[in-house]
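**Student:** All chains, please: the whole structure from these sequences, using the hints.
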Amino acid sequence: MNAPRASDAAALMIAREPFYRSVHGEVELFEAAWRNRVPVLLKGPTGCGKTRFMEFMAWRLRRPLVTVSCHDDLTAADLVGRYLVTADETVWVDGPMTHAVRIGALLYLDEIVEARKDTTVVIHPLADDRRTLFVEKRGEVLKAPPEFMLAISYNPGYQSVLKELKHSTRQRFVAIGFDYPAADIEAGIVAREAGVDAPTAERLVRLAHMTRNLKGNGLDEGASTRLLVHAGKLIAQGVAPRVACDGAVALALTDEREMLAAVNELISAVF
Amino acid sequence: MRSSERPLPAADLEERFEELIGAVLSSRRTAAGIAQALAAEPRALQDFALRWVAVTAQSSPELAYQFAALAPSAVAELGAAGAERWLLAAMDVYDREGLYRASAELQDLAAYAARMREHGRGIAFDGVARVLGPFVAGLSGRKLRLEAAESAWTDTATLYLPAQVTLFDAREDNFRVYKLAAALLWAQARYGTFNLDAAAYPRAPHRLEVFAFLETLRLAAKLEHSLPGLYRDFLALAQPAPGPEFDGARERLAAPEATAADSLAELRRLPASARAPCWPFVGALDPERALAVRAERIEREKDALRRALASVPRDERADLNPDPGPLLEGEPRALPPEVARLVESIVQDLGEIPEDYLEPAREGGYRAGGGEPPEEASEAGAADADARLYDEWDYRRQHYRKQWCVLRERDVQPGDPAFAQRTLERYRVQVRQLRRSFEALRGEDKRLRGEPYGDDIDLDALVRARADLAAGGELSERTFVRRARHERDMAVLFTVDMSGSTKGWTNDCEREALVLLCEALEVLGDRYAIYGFSGITHKRCEVYRVKRFDEPYDELVRQRIAGIQPLDYTRMGAAIRHLTGILAAEEARTRLLVTLSDGKPDDFSDGYRGEYGIEDTRQALIEAKRAGIHPFCITIDREAGAYLPRMCGAVNYTVVADVARLPLKLADLYRRLTA
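If you read the sequences in order, they're chains A and B.
The first sequence lines up with residues 75 to 345 when you count with this note's numbering.
The second sequence lines up with residues 368 to 1042 when you count with this note's numbering.
If you are wondering where the hints come from, they were derived from the structure by calculation, not from laboratory data.
Possibly wrong hints are sitting among the right ones.
Unchecked claim - As a list, the in silico DSSO-like pairs of lysine-lysine whose alpha-carbon atoms are at most 30 Å apart:
1) Lys289/A to Lys669/B
2) Lys992/B to Lys289/A
3) Lys289/A to Lys510/B
4) Lys117/A to Lys510/B
What the hints assert, rightly or not - Have a look at the derived ranges for each label pair, beta carbon to beta carbon:
5) Leu717/B to Arg204/A: 30 to 38 Å
6) Lys240/A to Arg468/B: 58 to 66 Å
7) Leu725/B to Arg316/A: 41 to 49 Å
8) Arg95/A to Arg636/B: 45 to 53 Å
Glycine is no exception: its CB is placed at the ideal position from the N, C-alpha and C atoms.
**Tutor:** Following this line, the structure appears as structure tokens:
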């Protein structure tokens, strides 16, 4: 039996305040959901600040944060835990979900639709008012402490029809919509995160809006705030803006030769 | 000198021409003249001419005759490779517009050569459109089309750009002219060059030119703030500098709030003698046509917006007017994207959303349809809306015949309702076997033993590992059982030959094979579609829907399978290209295109029979492969073999020698292909 060690929880605490700019009251909404033990679904395109938001909330609520990036091979056992064989015994090892329940953490399942379908079995009882986790292999039923919270994220933009979030799942959550912030706010974020001056940040945001105009028009996604921050960091390091944007924006967005040329033309028009 | 290098004498040449283009020769028009001329040329040129005369004669002997006459001067002027391109361009024209235009194209050798010389350093519209299209779309604003024209201008819906730009020696400089011209035309639409009253625009051509120039100054100033990189291009290319009389205008028009009306005011201030410098990227203005397009759009979008607003709650409508941000305002509004685009387009035209636009339409009061008129169908020969045009590979030219095949999708008329039932009765025993073998394939959970990680402990492996350890060996880490779901993420499209040659036995067997296959596929749960193809000539290729991907296997599909009939010919290339498009749109890890035919591709006209058809089909299959599709051909053809490896690739085909065995064979083949 390996009881959660205090050091584990401490390691998962966010020590310094992460930079997060609240846009439309999502901080208050999240906090209210947490106090009322309602799970939350973060919805929005890639790179618009969902993960950062979770870090910020964990810091604000002073709870440890357990993040799991879901992938198509992620099973319920990966979340709950498994027996491992060591030299002369088999040892139970908690999965991230069990661990998060034990220490009363915020559990964040990123890109939940990527996970295998059998994970819903363990998510559902945890996401409704039962708030229990059934550890089948040990015959253990864990009741989540009041500080525990489940949050999942979901990008409605690019997933295929095969990867829709089922209603039985999504209707257990309070949803918070995320989108790229308004131009001036986004420029502020880029300037601060990347350490570039305001005019450069403004140009980066202008470029992002141009690529977002191309969504569905040759690009699957426009440039995210995260990409802008990457480009900005390169520029702050002294890389020429066009080169930085080519690497951090154009090449990150598409492999297609002509589209690449078009994005590069946009870059050279802005810088 | 070896005999293969010695020039052919005129008599030999004449004889060859008689053979190749005898159809257009007569006693009054002989090949003697062209043979004489060609006899004086070196052997390489003679061979070149003869080869292409033979190729061209397949399409048009008349064109071939004209080519033969021009070949020596063409090669002298353009070189062999250039002459080849010149001839191919003429053949493209022939395919599209017929002999008259093609021979005009061919005869105008001097013009072609001049174009080519410019082309060498210049760039053509076709080369830049695919980059500038997304570029302009990225600049925001309403969706604009790009088209080639004599000169640069815009009607606010389409940006017309010159067919080529050859001003500079360097390609990049020519491209910059293109880009700047496109951006300034975009700016005309974006910043309201045509938002004045029709009467306000100057009538005299030279005054209109000066007005266009003043507008360019105003729009360039707008670019300076938002697109500084582009503005630098502008400064570099804006040569020669305008006369001093423009200095004041330039300063005043750079004000952020300057509009087209200010440009007009500046125009009035300038003396009638003022002339604008000739900047290569400044487009012409055609206020009359632009205003007509704008007026039509305003009307259409007003309707569309009012219809869209019927679904937006009243208190949100007031927020529609966006902040008058300088450029590229991207504030997320809680409006559906189509409505947001409409609003943006209307604000571009009118500066705001007028009050009366906010009255939602009542049901039925307005024309249905979105904000945009439907795309016009392509002009090339096909008037009706359901026709699609496909290129066809001509191996002799080693080039595509552009938009050559006209293809339509049709429904198969349902046939005998009892056919499927009869077939299932007849193959009762085999169907049971088929189902069983397909059940084994079905994606079910598999327990993988001896895995390095997993859901459970593999006791056998663990005991073994412990025993190994006790014996002084290494402790294996592979002691887990893992449940792995074997998923068949597969979309398969079956296409069936419906040509006349399948009449009788073959057709019956094809239909029976499809019935059995569907039974098997239903067990398997793979997504599948069935189409038939036939046609006669390139103007009438047809693809018949038997079962679409989104259709269930139901009574109607069974009847359609029964209704598959032998029809015309086997022009396979176009059908494969069309079905490739359908299959490529399916979301699946594996996409399979299975072609079932009874022999070589064949059509009764324009030489599709034989090698041409095989090469075109081969090319279509290569295209399919490039689109991420696995093509596979099943052929019922006893003499087949020789051409199949060439057409389909070494491993992507199979021959079913005995037609009677096809029904069972097909399902079995599919099982092997996808296991």
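**Student:** With the threshold set at 30 Å, check whether the alpha-carbon distance from Lys992/B to Lys289/A stays at or below it.
**Tutor:** Status holds; Cα separation ~27 Å.
**Student:** With 58 to 66 Å as the target window, see if Lys240/A and Arg468/B comply at their CB atoms.
**Tutor:** Holds, at about 60 Å.
**Student:** Can the restraint linking Lys289/A and Lys510/B be considered satisfied, given a maximum Cα separation of 30 Å?
**Tutor:** Cα-Cα ~13 Å, so holds.
**Student:** Please work out if Lys117/A and Lys510/B have their alpha carbons no farther apart than 30 Å.
**Tutor:** holds (28 Å)
**Student:** Is 45 to 53 Å a correct range for the gap between the Cβ atoms of Arg95/A and Arg636/B?
**Tutor:** holds (49 Å)
**Student:** Please test the hint of 41 to 49 Å on the beta carbon pair from Leu725/B and Arg316/A.
**Tutor:** With Cβ atoms ~44 Å apart, the hint holds.
**Student:** Tell me if the beta carbons of Leu717/B and Arg204/A are separated by a distance inside 30 to 38 Å.
**Tutor:** violated (57 Å)
**Student:** Checking one constraint from the list: CA of Lys289/A to CA of Lys669/B, max 30 Å. Satisfied?
**Tutor:** holds (25 Å)
Against the hints set out earlier in the document, a violation occurs for number 5 only.
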